[in-house]
Every structure is written in structure tokens, then in C-alpha cells.
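Engineer: As a plain string of letters, each chain reads:
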Amino acid sequence: MSIQKILLEFEPKLENLLRVLKEINKQEKYISESDCLKVAGYFSLPLARVFSLASFFDLMNTRPVKKKIIRVCSGGPCTMKRSFEIIRQIEMLLKIEMGNDSHPKVKLETMSCLGLCDQGPVMMIDEQVFEKVRPETVDDIILDYL
Amino acid sequence: MQIKINNKPYNCESGETIFSICKRNGIRLPTLCAHPDLLPSEGVCRMCLVETNQSKGLVPSCVQKVSEGLEVRTETENVNKARKINLELLWADHAGKCAACLRNGRCELQKLAKEYDIDGFKFVPRRKELKSENELDLLKDNWSHVVADEKNPCIARDSQYCIECRRCVRICREMQTVEAYGTNYRSSNTNVGTPYEIPLDCIFCGQCSAVCPTAAITEKDEIEKFEKALADPQKMVIVQTAPSVRFTFLEEFGMPPGTFGEKKLVAALKALGANKVFDTILGADLTIVEEAAELIKRVKNKGVLPMFTSCCPSWVVYVEKYYPEFIPNLSSCKSPQQMMGALIKTHYAKKEKFDPKNIVSVSIMPCTSKKYEAARSEMKASGRQDVDIVLTIRELARLIRKKKIDPIKLEDGKFDPALGISTGAGMLFGSSGGVMEAALRTAAEKITGEELGRVDFEVVRGEEGIRCAEIEINDLKLRVAVVHEIRNAKKMLEDLKSGKAQYDFVEVMACPNGCIGGGGQPVPTSPEIRSARIKGVIVRDKGMSIRKSHENPVLKKIYKEFLGKPGGDKAEELLHTKYTNRKNIS
Amino acid sequence: MEIVTKNWEKINPLDINTYIRSGGYEALRKVIRETPLKVVSEIKRSGLRGRSGAGFPTGEKWEISAKIVADQKFIICNLDESEPGVYKDRIIAEKNPHQIIEGLLIGAYAIGAKRAFIYINGHYKKPAEILKIALEQAREKEFVGRGIMGSSIDVEIEIFSGAGAYICGEENALINSIEGKRGEPRLKPPHPPVSGLFGKPTIVNNAETLANVPYIIKRGADVYSKIGPSLSPGTKLFLLEGAVKNKGIFEVPLGTTAEDLIFNSLYGGGMEDGKEFWFAQIGGASGRLMPRGKLDQLLIYGPSEYPIGAGSILVVDKMADIKDLLFSWADFFHRESCGKCVPCREGTYRLWEIAKWLKNNDLKERDRENIEDILWTLSNTTFCPLGNFAAVAWSDAISMFSEEIFGK
Numbered sequence: 076m077s078i079q080k081i082l083l084e085f086e087p088k089l090e091n092l093l094r095v096l097k098e099i100n101k102q103e104k105y106i107s108e109s110d111c112l113k114v115a116g117y118f119s120l121p122l123a124r125v126f127s128l129a130s131f132f133d134l135m136n137t138r139p140v141k142k143k144i145i146r147v148c149s150g151g152p153c154t155m156k157r158s159f160e161i162i163r164q165i166e167m168l169l170k171i172e173m174g175n176d177s178h179p180k181v182k183l184e185t186m187s188c189l190g191l192c193d194q195g196p197v198m199m200i201d202e203q204v205f206e207k208v209r210p211e212t213v214d215d216i217i218l219d220y221l
Numbered sequence: 030m031q032i033k034i035n036n037k038p039y040n041c042e043s044g045e046t047i048f049s050i051c052k053r054n055g056i057r058l059p060t061l062c063a064h065p066d067l068l069p070s071e072g073v074c075r076m077c078l079v080e081t082n083q084s085k086g087l088v089p090s091c092v093q094k095v096s097e098g099l100e101v102r103t104e105t106e107n108v109n110k111a112r113k114i115n116l117e118l119l120w121a122d123h124a125g126k127c128a129a130c131l132r133n134g135r136c137e138l139q140k141l142a143k144e145y146d147i148d149g150f151k152f153v154p155r156r157k158e159l160k161s162e163n164e165l166d167l168l169k170d171n172w173s174h175v176v177a178d179e180k181n182p183c184i185a186r187d188s189q190y191c192i193e194c195r196r197c198v199r200i201c202r203e204m205q206t207v208e209a210y211g212t213n214y215r216s217s218n219t220n221v222g223t224p225y226e227i228p229l230d231c232i233f234c235g236q237c238s239a240v241c242p243t244a245a246i247t248e249k250d251e252i253e254k255f256e257k258a259l260a261d262p263q264k265m266v267i268v269q270t271a272p273s274v275r276f277t278f279l280e281e282f283g284m285p286p287g288t289f290g291e292k293k294l295v296a297a298l299k300a301l302g303a304n305k306v307f308d309t310i311l312g313a314d315l316t317i318v319e320e321a322a323e324l325i326k327r328v329k330n331k332g333v334l335p336m337f338t339s340c341c342p343s344w345v346v347y348v349e350k351y352y353p354e355f356i357p358n359l360s361s362c363k364s365p366q367q368m369m370g371a372l373i374k375t376h377y378a379k380k381e382k383f384d385p386k387n388i389v390s391v392s393i394m395p396c397t398s399k400k401y402e403a404a405r406s407e408m409k410a411s412g413r414q415d416v417d418i419v420l421t422i423r424e425l426a427r428l429i430r431k432k433k434i435d436p437i438k439l440e441d442g443k444f445d446p447a448l449g450i451s452t453g454a455g456m457l458f459g460s461s462g463g464v465m466e467a468a469l470r471t472a473a474e475k476i477t478g479e480e481l482g483r484v485d486f487e488v489v490r491g492e493e494g495i496r497c498a499e500i501e502i503n504d505l506k507l508r509v510a511v512v513h514e515i516r517n518a519k520k521m522l523e524d525l526k527s528g529k530a531q532y533d534f535v536e537v538m539a540c541p542n543g544c545i546g547g548g549g550q551p552v553p554t555s556p557e558i559r560s561a562r563i564k565g566v567i568v569r570d571k572g573m574s575i576r577k578s579h580e581n582p583v584l585k586k587i588y589k590e591f592l593g594k595p596g597g598d599k600a601e602e603l604l605h606t607k608y609t610n611r612k613n614i615s
Numbered sequence: 130m131e132i133v134t135k136n137w138e139k140i141n142p143l144d145i146n147t148y149i150r151s152g153g154y155e156a157l158r159k160v161i162r163e164t165p166l167k168v169v170s171e172i173k174r175s176g177l178r179g180r181s182g183a184g185f186p187t188g189e190k191w192e193i194s195a196k197i198v199a200d201q202k203f204i205i206c207n208l209d210e211s212e213p214g215v216y217k218d219r220i221i222a223e224k225n226p227h228q229i230i231e232g233l234l235i236g237a238y239a240i241g242a243k244r245a246f247i248y249i250n251g252h253y254k255k256p257a258e259i260l261k262i263a264l265e266q267a268r269e270k271e272f273v274g275r276g277i278m279g280s281s282i283d284v285e286i287e288i289f290s291g292a293g294a295y296i297c298g299e300e301n302a303l304i305n306s307i308e309g310k311r312g313e314p315r316l317k318p319p320h321p322p323v324s325g326l327f328g329k330p331t332i333v334n335n336a337e338t339l340a341n342v343p344y345i346i347k348r349g350a351d352v353y354s355k356i357g358p359s360l361s362p363g364t365k366l367f368l369l370e371g372a373v374k375n376k377g378i379f380e381v382p383l384g385t386t387a388e389d390l391i392f393n394s395l396y397g398g399g400m401e402d403g404k405e406f407w408f409a410q411i412g413g414a415s416g417r418l419m420p421r422g423k424l425d426q427l428l429i430y431g432p433s434e435y436p437i438g439a440g441s442i443l444v445v446d447k448m449a450d451i452k453d454l455l456f457s458w459a460d461f462f463h464r465e466s467c468g469k470c471v472p473c474r475e476g477t478y479r480l481w482e483i484a485k486w487l488k489n490n491d492l493k494e495r496d497r498e499n500i501e502d503i504l505w506t507l508s509n510t511t512f513c514p515l516g517n518f519a520a521v522a523w524s525d526a527i528s529m530f531s532e533e534i535f536g537k
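Chains as they are written, first to last, in the working numbering: chain H, 76 to 221; chain R, 30 to 615; chain D, 130 to 537.
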């Protein structure tokens, strides 16, 4: 679906702005400058306004994502379920450091609670969610998905 | 209502904030985000926190409204602790390179840091210049993202100095409706900047640089170019100074706003080594004579009306970018700066037998946008760029300080007479309504053919955003409007479009109160400071022996010797210009 | 005592008829025969308080909007959660979506809103899907839309899915994000019930709060107000996580003690085998740390030494690494700070930085003094409560476990 088509699904009312941006992000994986310009034009808003909104939220990217991103929940319940051991395990396996962006293909980050505490510890690789991850099994998951 | 501040009673009205009452009564409250041109405040910086008897904790005085029985304490232990810690936090998020900074000594953060004894970093500094874009991805978590934008022709940005106070975002959005800036990202990555880090795409008014508390946003510095020209013995450096800067120049050297500083300004320029110093007011008078002729022609021939003034380059770009359908309404007259520029490299050069290629034409302006105007491709009446270097009054003052010149101690200087006779009308250009008033003085005499007894058109003076009046000259009724700040201009344009308003002649200035509040004027700025500057202008106009543009003897001579008649072929060639639809380019 | 979790086993969330058969939408049928102000006063009398943290009396909030004459009013169900350890609203939406919808419809009727939103956490894809189906079915049955149950009352409900930002659980930030603005808190006043979404009177209620409403209407305020303590009546969903044996969601009357919740075999059932109780964090990442000696505190809304927040209880045992938890808290608030005010933007960053050094045993002497300054400024000078929240657990940990954190 083209950006134009997405736009036409929504009236240019402010309450649809975030919805449109999410829709574009879903399809394109990020919101490019040219798409952002189209959105700004459609809603008659300055580009700066649309960008400042898009860049605020976790679930949207304003730059192309070039790496696999592994995210591990650092919330209290997941921490109690050994999520930091999982992080250490991944660091050892991939020889990377949490938060550091120097690996060419993978980035490891912590993430905020997904509200799946009863299924924790929770991990994401790109958009795929993994529940009840254990330090002992995390290697297999990572190697499977990379 | 009465409230108590530090145990002393003060009168106030309901709806006022604690901050504004303190300010009025000279009670010191620090702030890095509140600004008199940006009300109501948003309470971002937390510097103005105070304690009151009506809340448990600290309250931001810039947003807290007064209420009956309020008692405020502005200097308690907790208040000072809060200021100190938050300053320490900001300080470590700031470049901290004061000695090399353009705003050294004029920086609000630096001033507070001194006041609160902040030296060295209590927290690890976070700002660092990036050498190339590739480094972006390699940023270690301790360094936050720094952007330096040199691509805008008028405004320079260096985010290592930015403290995210958001004044620029607000002034650009609320006063100018352009909204070139945004607050981007979240948490400690929050930065103030442009979308996708594109070069600042704006109308160059520079209000952002006038409200920025640090050096994160400044005029694009061209001192070096000027110094180089001065040092080159081959070059003839000819400087012109804008009407308004003579009323603001001395603010840079500690004098109150509105002080008339023309003679010191000229003296300082001569001391720097300028070969000739001319007065842009001659250009202003030319503009008036040409514009009055154009207006009369449009009215008589049923041309496109209303006619808009075109002296303000930010206004011109605004029309070109956002309302190109109104391009035919813009007067084809060049601005005073460009008329002067054209004359200097043609008429004057010829008369004095200078090779124009050896002339470096420099203008001292209240305005950042003039840098852009001078570089426009249309501005080559002499076959080359008519004005080579545009310096804001801030840049000039910086250079003067750098050269250790104290203008106040200099002997008074005088404009070089060739292009240096001033009129009161041209002087008025400095403030909003001035072009209109000057034009009316000339137009009225041209239409009636009689000499005008009355020269003051008070109806077009004032400080409201849009001022309208109906002027009767014989049987001709002119509906005129004077507009300043783009938000008001936008409203005026929309009213014209919808038919809600009808005018014949409209003066628009992008900056608050016109050039006197220009984006290149000394900082700080506020409505009070601008009022004082305007007072200076009006007093000076009254004291001038020649108050009408067309009576300027130099101007009369130039028409006689060189230009022919207003609106004639030669004038058309040198003093008028064309505009471009820029709507899709942005 | 079951109010919110009642009938969960009987109800198929994808089939509205199972909800109707267990008495669903009877409360709605009842209220549309009453005047809106009568509904407001019933909720007011019930003593129901908001279930997302602050515990503001729901009826009083409704009354403000109900009494304002406006061309438009809104009611928004806040289903954003995002507080670590809190997922009760997600479970309600998954188990019994119509209970939320019915509560929302009653609220809309009471305040006179024709448009309602369910603002759901952007990560909650499955619950959003369930709610969408539930709304479609409710629309078919004429509970939602134009002319509810044959009356002249119109209420449209739409789902608004967030985009990942904890701060958007704060009502003003939530409203901003619907309006297409950054999820930053606004200056108050005006408060949303007076001027909220698009400047119109707007009620934002937590999903669990709304899920209580049908019960109150059906059984009456008198019955409800007698459950639990009179100032904080009703039941509450608590979430037990950490080193407790039975983890998950438990509905108990407010006024239950933490001790009871954690150790009673009906609920937590005590500690996991071989683990010894150290402390419990009450109310999510922004919650205080409750030591053994305080376990007899009543869990209530209103003035309390240990505010219950949204109801999560994280049980921590003596083997747990406090430095991991300190990092967990700092990491969360640093990421979620909206970046508007100086102390929160910079303070949460510095705390996170220090937490990292602490975890790597790389703390310098001056950092200890800096911790105190940061916690103080977060607690005292920030624009909105997020900054205060960021300092709560840290402040407790520093004062209670200084030796474990910094060594002797």
C-alpha cells in the first residue's frame, strides 16, 4: 500500500496523526523524511511538528533500522526473574556490550515493561516477542533468529 | 490584591504570575526558559522556583498565579539548593567553552553559573563535537548528539550549547508561525532542532537567535570576512548603517535602550578602518519615493491592491514560500539596503572613479535576514553582488570589543556626505509603522501637489499587531494597515483572502515592533526595551530639520544627475526587483 | 470477594452473549432510565476511587464534567499501564472486555459524552484485537453507537492505540498524544474534567475503575461502599511478582495487609522455596520499599505510608542483587522521562549513569554526594510526578540498604 493510500484512509484531523504515523511505520519499518513531508502536507502541519511527534515514541522509528535489535526487559519482575543474567549471556555469546552500538549487525538494549510480567522474563528480537526466556535457553533463541 | 514577597507587601492583579510581580518590583528571580515575548511561560527550566505558604513544595513562579493571602519567599535554603543542583545538571549538559564562545559575557547560563559559583563539572560533561556524520552511530552513551548547522544563510546553530529551554521552538511557532524548530526525541536524548536534521528551513528572521539564552543559535558570523576586507589595501570598504541600529548600538556598550548612538557608531566604524560610512537612510528615502510613486500608479491605474511593502526580507520570503498568490501585491521596490548597495557600486563608483570590483560594500543591520537578501541572485544591479557583507549590530559590537575599542570614548563621527544625509522619514523606518508614515508624507504631497503642513500620522503608530486606518488625501481615501510579527501578517492575509478585510496599502515587518525588534539587535529584548528604542526614534524624527524623504537634498541630486524620475527606466533597472514562487522548494 | 474477576471462567471474551447471560449490560439498561446526575451521585456515594495510582474519587471527577455545559465532552478509558509489574488492565481486557465497555458507556452517559476512547497500550496487540471484536458485537447489539438500546442516547467508542511511552499513562500526556502532540504533561489547572481533549471537558478513567462501575450500578452504592474500609471501599486487583510462590493477579478487598497478600495460601502462599523475604516494592517501579516490619500496613487508597499505585507488589528475597534492581528502576525512568523539564531529563540520566557504574563496581566517592543531590531535585523540583516517582525506590533503598549498596 502506498503512503497516499494510507493517508486516504484517514481524515486529516489531529486525532488521526499518530494513527497515520503508526500505520506508515508498520508498513515501511520507519518514517522517512519524504513520508513525513507527505503527512505534514496532508495534515497542513509544519514538518517539525510531525517529526517531533514521531520521534517521541518507542514504537516508531525516524531512521531506517539497519541492525537486528535485541531488547531485554529491565523491569522489576523480569529483573527478579534473572533478566540481567540473560543480558550477560547474550553479551558473551555475541561479544557485544549492552547499549553499545559498535557491532555491525546487532544491538542489545534494555526495554521498558511490555505488561507481560506474568510471562517474564521478556525479550524481543526486532518485533518478535519471546516469553519466559531463561539464561540457559537464550543462546538457542538468538542463534535461531539471527 | 496584595501579596507578600519576602515579608514585604506588593500590589498585584489576579491572573498575574509571581514571576511577573517580582520582575516589576525588581526582585531577582533567575530563569532560563521564561521570556517576556513568550507568555504564558511553560515552567521548563525550574530555575525560578520559590516557596509559598500555599503549597508544600517548591513552585515555579513563572506559572504560579497569585491568590489571596499568598506569601512568597524567593531565597530560601531549598530554593537555592534547587537552583544550584539544576544548574549543575545543565552545566554538564552544556559545552562549557565560554572563552571561545560568541556569547561570552552575554550568556544567560554563564551569568547564572557565575552567580551560583559553578566552576568545573560536578557531573561528567555530555557534549562533544562530532567530526563526521559516520560518528553518529558510534556515539558512546555518555555523549549526547551534537548538531552544527552552517547551511542556513543567516542563522548558525550549534547544539552543544543548547540547554533545551525551547524558547526558539516557541518564538518560531507562536510569533512567526513558521515552526522550523521542534523538540525531538525523548528522555536524555531530547533535543531541540530541525526535523531529520535538515538545515534550518525558515524565513531567516532570527528571532530564535534573539531569545536563545546561550550561543546555541546565533547570527551567522561574518566578522572575519569584514576584517579581511579592512586589512586588504586594494579594497575600498564602504559601510552603510541601517536606520534602527543607531538607537540600539550603545546597548551593546552598557547604555540604556533608545540612546541615540549614530555619531559613536560612525566613529567606531571609522576607527575600525572603514573607508566611507554612508547612511542607509538615503536608501530608505529612495525606497519611499519609489514606493509612493508605485502606490500612486497602482491606485490610479487600478493595479493590484493592496500593495505590500517589501523592505523586510523575511516578510518577502514568507510571501514567496507560504502565500505566493500574493506575490503581485508585493511592491517591486528593493529594500533600502539594496537600493544603497546598487547606488554605491554604480552611481557612486562612477562619480568617484572607483572600480566597483574593488569596492567591498558592507551593511550594518538590525537583521539576520538581510544576509539572505544581499545574497539573492536578483540583487546584482551593478553586475556583481551589490552588498558583499551584512553584519548584524551584534557582530559589529563583538568586533569592536575584540579590537578593544570603546566607542563611548571616541570623538563623534559623521557620515560621509556623498550618500549620507538623513531625514526624519527615513529614521522612522526603524520601527513598525515607520515606512507607512514616511510613505504617507511623500504620497500625500505627490498626490495633492501641495506642501504638507502636518507630517505626523499618529494613527499608524503604536504597538498592536495589526493597526488599520483610513487616510484621506483630497478625494482619495486610502485604507492602510500596519502589521508586525508574522502571526499577524498571516491573519491579515487570511482576512484579505476571505474578504473580511480590504486595504490599499499594507506595511509588514516580520519582527516585533519592526526593525527595532529585529533578530539581529542586541540581546536581551522585551516589549519594554523595544518601547524605549521606539521612543528614541520618535524623538529623533521630531528633531530632524528634514522630515520628508523627497526633500532629502542628496536624493534630489541623484534623481537629477543619474536616476531621472521615480519609477523611470533607470530607477526601474537599479531600484526594483522581482520575486519567485518558492512554495514547493521548501 | 469478586467484583472485577467475577464470572471470568464463564465468559468467552469473544462472545458478547456469554457476558449478557451473566447479567452483562443490565447496569447500562438501568442507568439510561435514570438522569445522568443520579448516576453520578450513585458513583459518588459508592466511594469508588481511581485504580491507577492517585486514587481520586471517581464520582467527584465525573461530577465536575457532568455539571459543565459544553458542545462536546469526552470520556477516555485509560488502558495504557506500562508501569513495570502492572498488567491487570490487560488481563481484564483479555478476560472480560465488555465489563470495561459497559463501565465506559455508563460514564459517558453520566457526564454527557457522545464520544469515548479506549486508549490502549501500543504493545497490547491481542487485547486490542479482543476489544475491537467486543466493540463490534456491542455495536450490533445496539449498546454502542446511535440510539443505545432504543433510546435517544448516542455514544461512539473508538480504540486509540498508544505508541510506546510510559508518560502517556498520565492523563494530560495521554490527551496530548491523542491530539497528535508529544506525550508531555500539561500545566494544571485547567484539569481535564474542565478542559481536556481539544479543550473540552474530558474524563480519563482507568480500565479497572470502569470495570467496577457496572457492579456498583447493579448492586447499589450502599453495598459497594461497605466492602473494605469506608474511605477506600471496594476490591482491588493486586499483582504479585518476584520471589513469591503464587504469582499473578489476585482480587481482594482494599484494606488487606501486604502480609496477608504475600503469605496467605489463598493468595501469594508465601515465599518461593528456600527464599527469605527481604522487602516488597508496593506499586510498581515508582513504589516504596516495604520492609518486613511494615508488612501489617493496610493496602488502601488515600493517605498511606505505602501508596499502592496500580496495585503491583514485587516481593524481593535476600538473594536478590539490589544493584540490579537499582539499575532496573533508573533505567526505566531514564528511558521514560519525557525530556521537558531540566531536573527530570538530566536527573534521571545521571541516576541511570550512576546505576551503571554501581553495577560495574565503578562508583567514585563524589557519586555518593551526587546521588543525594539528584534524588533531592527529582523529589522536589520536577514538572510532573514522574520525576518524583523516579526517586522513590532509590531514596528508600539508599536509606535502608546503604551497606549492601556502597559496602561498609
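FYI, nobody ran anything at the bench for these hints, they're computed from the structure.
Any given hint could be a false lead.
Once the Cα atoms are required to be at most 20 angstroms apart in a straight line, the calculated PhoX-like pairs of lysine-lysine come out as [claimed, not checked]: (1) H:LYS104 - D:LYS317; (2) H:LYS113 - D:LYS485; (3) H:LYS207 - D:LYS374; (4) D:LYS173 - D:LYS139; (5) R:LYS386 - R:LYS350; (6) D:LYS310 - H:LYS97; (7) D:LYS485 - H:LYS170; (8) R:LYS564 - R:LYS585; (9) R:LYS85 - D:LYS261; (10) D:LYS261 - H:LYS97; (11) D:LYS261 - R:LYS151; (12) R:LYS180 - R:LYS431.
Engineer: Against this structure, judge whether each hint is valid.
Structural biologist: Hint check:
Taking the CA atoms of H:LYS104 and D:LYS317, the gap is about 37 angstroms. The hint is violated against a cut of 20 angstroms. In summary, the hint linking H:LYS113 to D:LYS485 is not supported, as the alpha carbons are separated by about 41 angstroms, beyond the 20 angstroms threshold. At most 20 angstroms may separate the alpha-carbon atoms for a hinted pair to count; H:LYS207 and D:LYS374 meet this at roughly 16 angstroms. Proposed proximity of D:LYS173 and D:LYS139 is contradicted: the alpha carbons are some 30 angstroms apart, above 20 angstroms.
Between R:LYS386 and R:LYS350 the alpha-carbon distance is near 33 angstroms, which puts this suggested pair outside the 20 angstroms criterion. Proximity of D:LYS310 to H:LYS97 is assessed by CA-CA distance (about 14 angstroms); at most 20 angstroms being required, the pair is judged to hold. A threshold of 20 angstroms between alpha carbons decides the hint, and for D:LYS485 with H:LYS170 the separation of about 19 angstroms falls inside it, so the pair holds. Distance restraint check for R:LYS564 and R:LYS585: the Cα-Cα separation of roughly 29 angstroms exceeds the 20 angstroms cut-off, and the hinted pair is therefore not satisfied.
Among the hinted pairs, R:LYS85 with D:LYS261 is inconsistent with the structure: their alpha-carbon atoms are about 44 angstroms apart, more than 20 angstroms. Restraint check for D:LYS261 and H:LYS97: satisfied, since their Cα atoms lie roughly 18 angstroms apart, inside the 20 angstroms limit. Proximity of D:LYS261 to R:LYS151 is assessed by CA-CA distance (about 52 angstroms); at most 20 angstroms being required, the pair is judged violated. Simply put, R:LYS180 and R:LYS431 have alpha-carbon atoms about 26 angstroms apart, too far for the 20 angstroms limit, and the pair is violated.
In terms of the numbered hints stated before, the structure departs from hints 1, 2, 4, 5, 8, 9, 11, 12, listed from lowest to highest.
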